[in-house]
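Please model the entire structure based on the sequences and the hints provided.
Chain order of the listed sequences is A and B. Quick note: the first sequence uses this note's numbering, first residue 1, plus one each step. Quick note: the second sequence uses this note's numbering, first residue 284, plus one each step.
No wet-lab data here; the hints were simulated from the structure. We put the CB at the ideal spot given by N, CA and C, even for glycine.
Below, a list of computed lysine-lysine pairs in the DSS-like style, where the Cα atoms sit at most 27 Å apart:
hint: 1; chain 1: B; residue 1: LYS454; chain 2: B; residue 2: LYS308
hint: 2; chain 1: A; residue 1: LYS279; chain 2: B; residue 2: LYS346
hint: 3; chain 1: B; residue 1: LYS365; chain 2: A; residue 2: LYS279
hint: 4; chain 1: B; residue 1: LYS365; chain 2: B; residue 2: LYS454
If you want the footprint, here are the derived chain B segments under chain A, 3+ residues with CB under 8 Å:
hint: 5; region: 331 to 339
hint: 6; region: 343 to 354
hint: 7; region: 362 to 371
hint: 8; region: 383 to 394
Partial list, derived from the structure: chain A residues whose beta carbon lies under 8 Å from chain B:
hint: 9; residue: VAL24
hint: 10; residue: ASP28
hint: 11; residue: SER32
hint: 12; residue: SER39
hint: 13; residue: LEU40
hint: 14; residue: SER111
hint: 15; residue: GLY112
hint: 16; residue: MET113
hint: 17; residue: LEU116
hint: 18; residue: LEU118
hint: 19; residue: ALA119
hint: 20; residue: ALA120
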Amino acid sequence: MTTATSSTPTTAPIAARTVSTPRVRFRDTLASEWTKLTSLRSTWICVALGILLALGFTALRSAAIGNTWDAHRQDMYANFNPVTWPLDGTLLSTIALVVIGVSVAAGEYTSGMIHLTLAATPRRGQVLAAKATVVAGVTIATGLIAVLGMFVVSQFIYESAGMPTASLTNPDTVRVLAAMSVLAAVFPLMGVAAGVLLRSTAGAITTVLALSFVPEILGGLLPPWWQEHVMSVLPSKAIAAAAVGHIAPQPAYHAPAIAAVLVVGWVAAAFGAAYVVLKRRDA
Amino acid sequence: MIEVRELTKRYGNVTAVDRLSFDVKPGIVTGFLGPNGAGKSTTMRMILGLDRPTSGSVRLDGKEYGSLAAPMREVGALLDAKAVQGGRSARQHLRWVAQASRIPERRVGEVLDIVGVSEVAGRKAGTFSLGMSQRLGIACALLGDPRILLFDEPVNGLDPEGIRWIRTLLKRLAAEGRTVFVSSHLMTEMEETADHVIVIGRGRVVADIDVETLRQQVSGAQVRVVSPQAGELAPLLQRAGASITHGEGAIVVRGLDAARISDIAADHRIRLHELAPYRVSLEAAFMELTHNTLEYSALVREEARS
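So, in structure tokens, the structure goes:
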């Protein structure tokens, strides 16, 4: 260690050879945020967990349904849909992907590195947009892999259990899978905004996971009026409605188009708040 | 050139920085001195556009920080060496900073060489000692080859070798014509490095003065004298025009040089056990400055002007 740092550095020239000062563009900020995200091992651990948890959960659940299919096919599984049922695995991958989103923002506050980030890029909105873009990119890609994986694994299990299966040639199926992949970015993006707002990794993760899970846990217990007018507006239901509402409607689902607007609205509101705070607050 | 004008930062009722005005000139090392909590870091963060001033302004080579086309190519800063995410390698850390500032990636290798951490560039920054972290932070500041450099307490936690290295580097950067602004809470650290010091206390400028001028002001020669007959010697010296302070087992004489004291003692057959001329340290002067904040402010500014 001593030999590494005590070498006399004074022989190397300090001046760089380039002199020009080109203006920093959005794509420079984007490249920088991409390097930050991909150079941390925790990102890849979360990506792997996101995929494995989704696949594992779906495989177990599909196998369980397959085993009891003959006994229950008439009553309990009357509403069985081979496209939407495997997708509950995304609930688990959400946890891992939210951690990525939160870390991208809150991780810089807990380490203090945000000073360097904002000194390098004083246009704070540009930093926020770049963070959102890289998080969306990674989580949508992860979502796509997870969703396709869950679909393939579950159809294989369904088929061998003699259950109905779905095919990728059906446009409805493709639409569900594509929508689920894209919507995998919603809670991680809200994690970025929450990370900026709360500046705490634990606080932001808790907040976003509460927002995503509490309605799922409590929602079914609420009376119909609440389902239709309150639950349906919350992001978790809006995501589900936007993705699968057209083939598996529920009382708590708005029409897919409305649901999509709601989802965009939630993300926009979170980023609006994060932008205002980031812009005004001392770093 | 950094121009700070009437810079003020208030947190509720607390005024952390109180109408600071000073210039940091290129080509020299300017020390930014003050006790802990004097407002040095807050001032530096405002210079870098990180904290919004309550009032006042900062200009860097005539421009506001926020309007710089590529800030890190014009201003480099080391604020807190430990403020890096530990899971990333030193090289990756510098890579993202370079990309954010549109600095070519080969520059990363250059600055790693300059600060002497190339051999450990692949290691996670979180495993670095404080000294290595400081070097990484300095590499980061040098990345954009900026005309203006700010270092907040850069020698904190460094070993003597590291301190000497930083001193050499700072002087060299200034000799290249750059503006070099270095904060410290210890005058001893700045004594051999800075050409000029700006001293603040309780958020205000207490002194803005050349180190050489300050040295001359504070260091009327003094001589420490130990003698078994100090009681006899003291009045004799006073009669010759000296002022005497009694210390532990010794007297401190101002206004006469060692040769004169020795002669007087010999004339009166007084034995001397020790005769040691010394200069008041800048550290002592600094302590005095920051203790009586307001009076000194007026005094030193007048003298600096004349």
